[in-house]
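Protein chains in written order, with our numbering: chain A, 594 to 862; chain B, 594 to 862.
I should point out that these hints are in silico values taken from the structure, not numbers from a laboratory. Worth double-checking, as some hints may not be accurate.
Just so you know, same-sequence chains aren't split out, so a pair can sit in one copy or run between any two.
[To be verified] Taking lysine to any residue and the SDA-like style, the derived pairs with C-alpha atoms no more than 25 Å apart in a straight line are:
#1 Lys815 x Arg694
#2 Lys785 x Arg695
#3 Lys785 x Leu756
Number of protein chains: 2
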Amino acid sequence: MPWKAIGIFDSGVGGLTVLKEIVKALPQEDTIYFGDTARVPYGTKSPETVTRYSLEIASFLVKRDIKLLVVACNTASACSLEALQETLSIPVVGVIEPGARRAVSVTRSGKVGVIGTEGTIRSSAYAKAIKRMNPEVEVVTRACPLFVPLAEEGWTDNEVARLTAETYLGGLRDHGVDTLVLGCTHYPILKKVIGETVGDAVKLVDSAEETARTVAEILRGKALLRPGAELGNHHYFVSDVPAGFIRVGNRFLGGRLGDVYQVSLEEKG
Amino acid sequence: MPWKAIGIFDSGVGGLTVLKEIVKALPQEDTIYFGDTARVPYGTKSPETVTRYSLEIASFLVKRDIKLLVVACNTASACSLEALQETLSIPVVGVIEPGARRAVSVTRSGKVGVIGTEGTIRSSAYAKAIKRMNPEVEVVTRACPLFVPLAEEGWTDNEVARLTAETYLGGLRDHGVDTLVLGCTHYPILKKVIGETVGDAVKLVDSAEETARTVAEILRGKALLRPGAELGNHHYFVSDVPAGFIRVGNRFLGGRLGDVYQVSLEEKG
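Next up, chain A with everything else stripped away, as it sits in the complex (with noise of 0.2 Å):
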């Protein structure tokens, strides 16, 4: 029999920063990436139209027999993580419950602050999970629908990026918090920024590498780990034409991005 991969997706190339960590934890497991490009951003559309676009890449990535599926995007884990659980027979994690357990653990003063999209913050996904964790804690949100354009614009270091995170996070700042969820997969771009802004008494709290560990214990405890030391294979899939996202990939992954195939969901309806 051979070993099933993982599923990873994301509304486009910022989840590769999931993957980049999964890859490092669990490098003998063979992956299937899909980024929806072609209708990308999620975080500006209501959680109805993203869980419809989850549903739609779920199905696409268990007719090719993954045995876990990782929803790496934050807007879909806050909206979607629930339907999918229901819908798929196969473990689904996602990155807010991974990133809020993080920030449990690492806050001192008990007050977080978590900032992501609009559809991110507007789910109170991260608030809810940290609250269930830890009643005590105090959360502090904030939406910063910049910073994903700032990102894939690449200004990630001009006064315009400063201004912005000064306009988005002086008041978290002002608030206390030791402890900042990047709550979005672009924001590690923006950490130095976003790092300069909040002061380095802030703990900033990427869910990546939480995330990658949450995967590792799951099909550890299933049995679901694939043996051996040989090096896993990677596939990559997306809906727009693939250039583009080749080209950002392979800045997030060190150039190691393989092959890219562009399919389209809406035809297969």
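Position chain B relative to chain A; hints supplied.
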């Protein structure tokens, strides 16, 4: 025989600026508007994907028996106008030709600037149209990817907007253009800060009025204008849940947006 409606589409809410001018010029006409809010924005997507989406929307509108189609989106006009004109048997009007014509008639220095999304600028559609009308006119172009998210965030008159405009437009101003085409239906929302950045001597061209004039001419030429003084009916369709469209749309149209219906093009495939 009932009079047919004018079909109008955009990736989202921006095309309502064009609808508004059409209703002002032809108040007796019925209109059917489609905003592809589930897949917005088009400006960062490939021409192939934008064309596929445009053809899907056109097919939806043609089934509703329209007499003319207005592509009220610069990116879709730049990428898909030819494909639409080849496929449909009714007249198809984009916003590029009308905007280019206005710019050519307005410029005195013979130097015209054009700003738009990446998709619009990469297509060179404005430069080609302007050169076809007057090969002497020099065209300088600049993609401004952050203007759409700024307009949608409502940051139209703050320091981030001014600094972003200066970064994008400083070069155009120094180049001596006396006319600037706002080659994206969202940009009129940033008209104030764009105007202040390029200076009073530069005339801003917004395609909406000129597009409405073109529509009126074509319908008159084909004897398709609806007679009488009765005001037309206006119907709106969107692909995501309508809440956001209604809120912004009412701001665009001064509170006179009618009923908005959500439809899924993909499920009809």
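Going through the hints against the structure:
1. Taking the shortest Cα distances, Lys815 and Arg694 sit within 25 Å of each other inside one copy (22 Å), while across copies they are farther apart (66 Å).
2. For the homomeric pair Lys785 and Arg695, the shortest alpha-carbon distance inside one copy (20 Å) is at most 25 Å, but the shortest distance between copies (45 Å) is not.
3. Proximity of Lys785 and Leu756 under a CA criterion of 25 Å is satisfied in both settings, with 13 Å inside one chain copy and 20 Å between copies.
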